[in-house]
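J.: Given the coordinates of chain A, work out where chains B and C should sit on it, guided by the hints.
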Amino acid sequence: MIRALCLALLAVLPMAASAQLDVVITRSTQRAIPIAVVPFEWRVTLGLPYDFAEIVEADLERTGQFAPMGRETMITRPTRFSEMRLTNWRIMDVEAVLVGHVSGSEANPTVEFELVDVYAGESLLVYRLQSSRDAFRATAHRIADLVYEQLTGARGMFSTRLAYVQVTPGREEFRLIVADADGQNPIVVLRSTDPIMSPSWSPDGAWLAYVSFEAGHAEVFVQEVATGQRRPLSPDRTSASAPAWSPDGRSLAVARNVNANSDIYIYSIDGGSPQRLTRHSAVETEPEFSADGNRVYFTSDRGIGPQVYVVPARGGRAQRVSFTGSYNARPRLQPDRNQMAIVHQQEGRFRIGLMDLRDESLRLLTDGPLDESPSFAPNGRALIFGAGTTAGRGLGVYFIDSGVMRLLRAPKGILREPAWGPYEN
Amino acid sequence: MKRTDWPVMAVALALAVALASPADAQRRRDRDVLEELETRVGVLEQQIRADNVVALINAQDELRREIQALRDAVERLDEDLRRNAELRRSQFAALEERLAAMEARGFTPAPASPQDATGQAPGDAADAADGAVPGDQPPEPEEPAIAAGSQENYEQARELLGQAQYQAAGAEFLRYLEANPGGGLAANARYWLGETFYVQGQYQEAGAEFARVVSDYPDSNKLADALLKLGYTQDELGDTETATATLERVRQDFAGADAANLATIRLAQIEARSR
Amino acid sequence: MNFPRNTRVCLPILLSVVLAACETSGTAAGPEPGPDQAGTGTATADGGATAAGAGSGAIASGTVINREGPPVAIEPGRSASGDWIGGPQGTLVIYFDYDRSSIREEYSQILQAHGAWLAANQGQTVRLEGHADERGTPEYNLALGSRRANAVNQALTALGAAGAQLNAVSFGEERPAAEGADEIAWSQNRRVELVYETN
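Residue numbers (this note's numbering), protein chains in the order written: chain A, 1 to 425; chain B, 1 to 275; chain C, 1 to 199.
It is possible that some hints are incorrect.
To be verified - Pairwise CB distance ranges, derived in the manner of DEER restraints:
1. B:Ile265 to A:Arg349: 27 to 33 Å
2. A:Ser361 to B:Ala171: 42 to 48 Å
3. A:Arg128 to C:Ala181: 48 to 54 Å
Said to hold, decoys possible - Looking from chain B toward chain C, a few residues come up when the C-beta cut is under 10 Å (computed):
4. Asn58
5. Arg64
6. Leu87
It should be emphasised that the hints constitute simulated quantities derived from the structure, not laboratory data.
Idealized CB from N, CA, C, for every residue including glycine.
Isolated chain A (complex conformation):
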């Protein structure tokens, strides 16, 4: 009865199917900070120069919060604050300038950089990072993180990773992919001829929980990202879906299907019998832990359409949270804010909304018509979602501060069900 399955575990094999984040759907509504990212001077005697500045610039620009000036318009290319003539930059209306240079050995170069406030005439950030040949990209993202934090006050999210599902044309293969936050370096961590759904990162970024249909029904697996080692969450192999990690990483909330009724259960990662959290004949799914781990938000259609409810993580009475309209599902809490992202349906359009948990006001971020699966960056300043826009399908990335939305697409097949990973450094 088990469907013929073809599973291949490839721990570290970069895929040719590199995703591209190049389509801008909406443009910034906010004033972007004019910044100049000057190409870093390559002082390493051996080896091919690596353009760190290019990556940093792309990271910053993507958010819509920065307007980098073109290299061709730079009159000089200083490599440190002391070499700079600030008036030159003031004329260009640039507010911040990033300069730097790379020195040392080819295998383990040192990257030194400085962020300069042009108007205050002072250095905001002086840093020296040790890099290595295979980590140039990561180093560049790290620099972007530091610049972003210095200029916006929010921690950068460029060094984080994404997980998502790629469905090949004809649905012949389902791939679970882990990639950098900019969509680069996609790595297939699981392939299957059966559907893969709902990837979810452990709080330390070392594990992924997801749903696989390889046994003929939806089942939750946990997999170590680095090694590819995996196991079913439940030893009894019951039908379950929508895994969500607790903030301490010790347990997972899942929607478990028993006797054709889906309820929320909490599984300890060390095994043991699951604890039942909801008890209702309606559909209960899409759990999400609160940041303190004390509450679990979830979707239930006990009131005809799906709505968001919250229940104490130790069990108790569920309280309804969402009231606007007849379809509010898949809650994801915004880090450090009293807001959550939801999928909201109105007149047949499924859109991503941001709901304030205090006054229940709802702000719709996207236009749909088939948007789903929102997931926040760990700094809460961006979210990724399964975008079904009129401009195309893929992964939408929405930057909350600028209102900029971008679309990440694969050359072949559909990308869906993204999960933005946690900080890893």
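T.: Okay, now just chains B and C, sitting in the frame of chain A:
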């Protein structure tokens, strides 16, 4: 069930045909017809059965949806009630704050009960008229005329109240009460002492002072206000039952007075909250 | 519910009873309600219209009494007109309305035939695969597919199948029958597939 009608008729017809023909060959043919009809009746019954099973399952599904729709309506009404109660609470809090500020400025609105109007301090009358806030404004007890000299502490306390220095004001009211236990302003001082606690959220202490106004000065013109505020504090402390009884008493004993109106509103709030 | 009491008694009898098969019935019954016929209906409650096509086909053909042909036994899985509508050769896809898990009237005969076939073939099992269209969140749709599979499960159990013969699963929106973001594709994707398992 219209479908059940015509197979029955068909059977009857077939029987009639069978009885009308005596020949053997005819009988055999009739038997075939009968058998066929029987089969067709069976098929129909089978169909009815399947239809019924599906109808039952769908009815169950429909019921589930009905219940879900009802639950949705109940949850929405519940939420509306909760929000309304919250809104009213915040409106009252804002009003009370404004009033406390007005009182603190030495500004005395309309008298709590008409017969006490004579006791109003000179100069306050005009302010009171200007400051008449519509309907739901908490009562402001007026000051009785008192002998000069004994009211220094009292005046200073009111002054401090005006500067929102509640603790200092409370201490001054207390000093006045110690110096003039039977003074003409004792009930007022006690009442205001309660207010200094109330405004700081010290409901336990506030309640004790309001209760003393009620027990020690039963003839005071502060009685209605003190009782009302006592009810408020009891409610704030979570003793809904006692609060309800106290506010009920204000409503009945001081019918027509502002305190009674305010008690009525607070009672409605409590009721809305408890639903 | 006026469920005719005598049907319980009747069922075993009528299964063994002979049926005069109409030679013409096969063609008179028309094509079986496959995806094209039943599935392209709009999401509104127009199930009744297509229902007539599937359900009454057997009755319409039955009204022509064949006085010549020999009576043929009702076979579990076949319609009154002799077509396979249940069992592995029967109609294997049940379509649903948007966001609903109620079974359209047109499928009652088909489910009856499947139930009868399973009752007569106790060793056979069937997997009921619930599916949803792509609208809405994937996880919620998984639950919706499960609810649909369960509705079919309930019907088949009531119509003769044993619980152990049935295995209801859901694929949510993950395995659409038709690609496309319009009602034509969606209506074909809101379905339960009956997958007879070869033992």
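J.: Decide, hint by hint, whether the structure agrees.
T.: Against the structure, the hints:
1. B:Ile265 to A:Arg349: 27 to 33 Å: Distance hint for Ile265 of chain B, Arg349 of chain A is violated at roughly 44 Å.
2. A:Ser361 to B:Ala171: 42 to 48 Å: holds, 45 Å
3. A:Arg128 to C:Ala181: 48 to 54 Å: holds, 51 Å
4. Asn58: holds, 4 Å
5. Arg64: Because about 9 Å separates Arg64 of chain B from the closest Cβ in chain C, which is inside the 10 Å limit, the hint holds.
6. Leu87: Violated, about 33 Å.
Checked against the numbered hints above, the structure breaks hints 1 and 6 and satisfies the rest.
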